[in-house]
Amino acid sequence: PAGPRRVSFSRIQEPLEVPDLLALQTESFDWLLGNEKWKARVEAARQAGRKDVPTQSGLEEIFEEISPIEDFSGTMSLSFRDHRFEPPKYSVDECKDKDMTFSAPMFVTAEFINNTTGEIKSQTVFMGDFPLMTPKGTFVINGTERVVVSQLVRSPGVYFERTADKTTDKDLYHCRVIPSRGAWLEFEIDKRDSVGVRIDRKRKQAVTVLLKALGWTNEQILERFGQYESMRATLEKDHTAGQDDALLDIYRKLRPGEPPTKESAQTLLENLYFNPKRYDLAKVGRYKINKKLGVASEITRNTLTEDDVVATIEYLVRLHAGEDTMPGAGGEVIVEVDDIDHFGNRRLRSVGELIQNQVRLGLARMERVVRERMTTQDVEAITPQTLINIRPVVASIKEFFGTSQLSQFMDQI
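Mapped onto full-length UniProt numbering, the consecutive letters of the sequence shown carry residue numbers 1 to 413.
The hints are simulated quantities; they were obtained by calculation from the structure and are not laboratory data. Wrong hints could be hidden among the right ones.
Keeping only pairs whose Cα atoms sit at most 20 Å apart, straight-line, the calculated SDA-like set for lysine to any residue is [what the hints assert, rightly or not]:
#1 37 to 136
#2 283 to 46
#3 191 to 136
#4 39 to 86
#5 262 to 274
#6 202 to 270
#7 283 to 27
#8 283 to 298
#9 202 to 256
#10 291 to 330
#11 51 to 350
#12 204 to 219
#13 253 to 272
#14 283 to 343
#15 37 to 72
Given the structure is predicted, the values throughout are model-derived calculations rather than measurements.
Start from the sequences and build out the full structure, keeping to the hints where you can.
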């Protein structure tokens, strides 16, 4: 470390050096930018055989997620890669004196492809000034020093709860599949012992409707869940005839007032839980689901799978039936309710991830503008620069540092 060396005059030698207490902030931000410090950490972890350092930077992740942006007919696409930063214009002290933001200009290589002619236009596009972290783990925004506080959030995964019904004193069971980003999927067993599902926090439906929409027949449902009274009762009350009928039923509940078609219903369900652009469990969510339900999905599989849905339903009905274990891919798994307040079921969202989410929001808004411009501009004249409007991205980052509850004045901490 820089600066003068500390000399200890105490009689008892210090057994441990004081760790770098700012590492949580600085390492998280280094990961977001993908700078040299982060690359050195990735290399050190690789040589030591450790897997605790993510090998893709935060900005790389979101540029890869959003690429390619295609127009409505799929004839043109725009993709982003290789972001880089120029050196900051002013030093930290100059920014404090002049009431400016300590930031560096960010550039990204944007590639426009015309799929009909095969023409590719590549350009380096300015994506706005990106606030930089000072060596002290703070940011200088409009001349004032600010700190981004880490947020303690519910970890993505699957959670089972038991509550007592106030009128009948019966145990009610509830299950939530919580993603890092995307729509919730909730299952519950009510006082009439029927198993219901809530898709994206909308009205409750029989769980068998969801299974049928995924392509299951009555016979398959009975074969897998026939020994459970709750599932047999639910199936008896469910009057949907087959997959098409079930899909339309789900569509009516999620989009009331719109004319349902089989294709639009299928797309809606796909987009909600099975499309990586719209749904992300993150590695921690996938790990927790695999562990809790005993499913053997790849740790890189960040969307839900049919196996996850079926295993979740089975876990819930077994919990309701009072069973203690259920067979999983790696042996028996214990069937029990979770304590949602337990710190094992929570995780820290540090500064890098919080800013990444803001940039993601800004890019999603920009994506809409790009799509509209693709349809209105003359194909010959289009270049990446004419399609991209960086305002939503810049505004999103500015809004986070200026008004978010997690961005606080340094002197108030």
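How the hints compare with the structure:
1. For the given pair, residue 37 sits about 15 Å from residue 136 by alpha-carbon distance, which is consistent with the 20 Å threshold.
2. Pair hint residue 283 plus residue 46 holds up; C-alpha atoms about 19 Å apart against a cutoff of 20 Å.
3. The straight-line distance between the Cα atoms of residue 191 and residue 136 is roughly 55 Å, outside the 20 Å bound, and the hint therefore fails.
4. The suggested pairing of residue 39 with residue 86 holds, with an alpha-carbon distance near 18 Å, which does not exceed 20 Å.
5. At most 20 Å may separate the alpha-carbon atoms for a hinted pair to count; residue 262 and residue 274 meet this at roughly 17 Å.
6. As the CA atoms of residue 202 and residue 270 are separated by approximately 17 Å, the hinted pair is consistent with the 20 Å bound.
7. Using a Cα cut-off of 20 Å, the hinted pair residue 283 and residue 27 holds, with the two alpha carbons roughly 19 Å apart.
8. With a C-alpha separation of about 10 Å, the suggested pair residue 283 and residue 298 falls inside the 20 Å cut-off, and the hint holds.
9. In summary, the hint linking residue 202 to residue 256 is supported, as the alpha carbons are separated by about 11 Å, within the 20 Å threshold.
10. Restraint check: the Cα-Cα separation between residue 291 and residue 330 comes to about 9 Å, which is no more than 20 Å; the hinted pair holds.
11. Annotation: proposed proximity of residue 51 to residue 350 holds, straight-line Cα distance about 19 Å (limit 20 Å).
12. For a cut-off of 20 Å, the pair hint linking residue 204 to residue 219 is broken: about 23 Å separates their Cα positions.
13. The straight-line distance between the Cα atoms of residue 253 and residue 272 is roughly 14 Å, inside the 20 Å bound, and the hint therefore holds.
14. A distance of roughly 18 Å separates the Cα atoms of residue 283 and residue 343; the hinted pair therefore holds under the 20 Å criterion.
15. Of the pairs offered as hints, the one joining residue 37 and residue 72 is violated, with about 41 Å between alpha carbons and a cut-off of 20 Å exceeded.
Hints 3, 12 and 15 from the earlier list are contradicted by this structure; the remaining hints agree with it.
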